[in-house]
Amino acid sequence: MERIPILKIGDVLLASIQIDLQDRDVLALQEDLAERISETGAHGVILDITAVDIVDSFIGRMFATIAATSRLFDAHTVVVGMRPAVAITLVELGLTLGEVRTALDLEKGLAILAELGEQAPR
Amino acid sequence: MTDPSAREDIPITADEDVVRVRQVVRAYAQRAKLGLVDQTKLVTATSELARNTLIYGGGGTATVRLVTEGRRQGVSARFHDEGPGIPDTELALTDGWTSGGGMGLGLSGARRLVDEFELDTEAGRGTTVTVVKWSR
Ligand SMILES: Nc1ncnc2c1ncn2[C@@H]1O[C@H](COP(=O)(O)OP(=O)(O)OP(=O)(O)O)[C@@H](O)[C@H]1O
Ligand SMILES: [Mg+2]
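So the protein lines, in turn, are chains A and B. If you read the first sequence in our numbering, its first letter stands for residue 1, the second for the next number, and so on. If you read the second sequence in our numbering, its first letter stands for residue 1, the second for the next number, and so on.
Extracted from the complex, chain B is given alone in its bound form (with noise of 0.2 Å):
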């Protein structure tokens, strides 16, 4: 099944969305014509960025596009939730800090595994997570 759209769509609202965003991720990925380390990196990047949208964002949307700049493709993908947002960003973005129980490399992890990162938070007002990946 090919699909000709540059955008898709995908609700993050369980574990198995998080196995989907990683699907459609490899899947644009490709159409992109990343390498596979940058295809590797990229997927590995929004599943940690899916399961925060889930765990802390209690939920939201991830958003994935085929992007292009002069004659480079990449991959965008976003990731938004209406969760309580990140007070201190820095802090969060620190390897190793986390405020539940995981190993705090998520958001960190996935900034060095991409070429643009960005991240739009403000307690109480929800997260939006933006990564774009360049193919070579």
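Isolated chain A, as found in the complex (with noise of 0.2 Å):
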């Protein structure tokens, strides 16, 4: 198994997923990145899943659980970068992805994130 390294930018968390995901690794994340936004304070987490080719419903099921957690540390997830054919496949097996929000690069992640975070001042 591999620890996907997790990046802080600012106030945002970035974790790049750029291995085929085993369900152990998934779990790991979870964890890790509860811990780390707890630790930080970040207001945001980036999930890039720019290099991920396919999300079945345990990969889905965390993209969800990450962000009902970090809700809970008064953090918003953006996950960036799904790729077409993955977003097609995601409907048709009939996962919703709860609270995430979803945005096409980075750039427009940070942005979402940059507009939630004025929206709620603290």
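No wet-lab data here; the hints were simulated from the structure. Source: prediction; values computed, not measured. No residue lacks a Cβ here, since even glycine has one placed at the ideal position from N, Cα and C. Please note that the accuracy of each hint is not assured.
What the hints assert, rightly or not - Examples of chain A residues toward chain B, derived with CB under 8 Å: (1) Q22; (2) R24; (3) D53; (4) I54; (5) A85.
Could you fit the two chains together into a complex? Lean on the hints.
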């Protein structure tokens, strides 16, 4: 198993998934992110799935879990870089991503987080 | 490395075998010249089925094959285990029904993602699920 690195950019945490995810990698990422959010007080999380070629129900559920967990720490989660084939497949699989926001790329993801941060100043 | 064989058996006994199934199915789907969306659908469906084999079936085997029918090429993937079987298949194929902590989308979603879907199971006898996706 490989740990997915989590980078901190300002008050945003970025996890870029570059490996073929095993279920235990998925669980480890969920835990690592929760820990890092609470440690850093980050206001946003970006999951970059540009390199991810399939999202099944287990991986999709991770997105929803991370989003829900981040809300408990007053942070938002944006999934960026979903491939078109992955998006089409997710819909047909019947998976809804809960409160997960999505954006085309990293730049747009950061813009969404900035906007959400302004709406709720603290 | 090119594998000229038209069939591959993959034992499913651990997490990493689910990833291995995805990789083998992807390679076969490319050989059968499935489009990218169809490749993605098939790989996603087999990922669900492989995980079910591991978690509910207590492990088993995946068999991936190249299949042809006239001029069409396709990929067949069969998941076999000798676990507890599925007592009520209609229920198991219902969106959202899970006996565990899942989302209950694996079986029903996999069925939507492929062209052919066959579920053969009996309580106490194990489960075999076979799916096929054809090139267009
Ligand atoms: N190989 C199997 N052997 C025994 N029971 C199975 C097998 N595959 C599926 N089942 C049963 O069918 C139910 C539905 O399976 P399905 O894959 O649709 O949902 P899930 O695995 O519970 O959740 P998800 O796949 O969405 O995470 C399972 O909860 C399980 O009870
Ligand atoms: Mg399942």
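Do the hints match the structure? See the list:
1. This hint holds: Q22 (chain A) has a C-beta 4 Å from the nearest C-beta of chain B, less than the 8 Å allowed.
2. With a cut of 8 Å, the hint placing R24 (chain A) at the interface with chain B holds, because the nearest CB-to-CB distance is about 5 Å.
3. For D53 (chain A), the interface hint holds, since its Cβ comes within 8 Å of a Cβ in chain B; the closest pair sits about 7 Å apart.
4. Of the supplied interface hints, the one on I54 (chain A) holds, with its beta-carbon coming within about 5 Å of a beta-carbon of chain B, less than 8 Å.
5. The beta carbon of A85 (chain A) is positioned within 8 Å of a beta carbon in chain B (closest approach about 4 Å), and the interface hint is therefore held.
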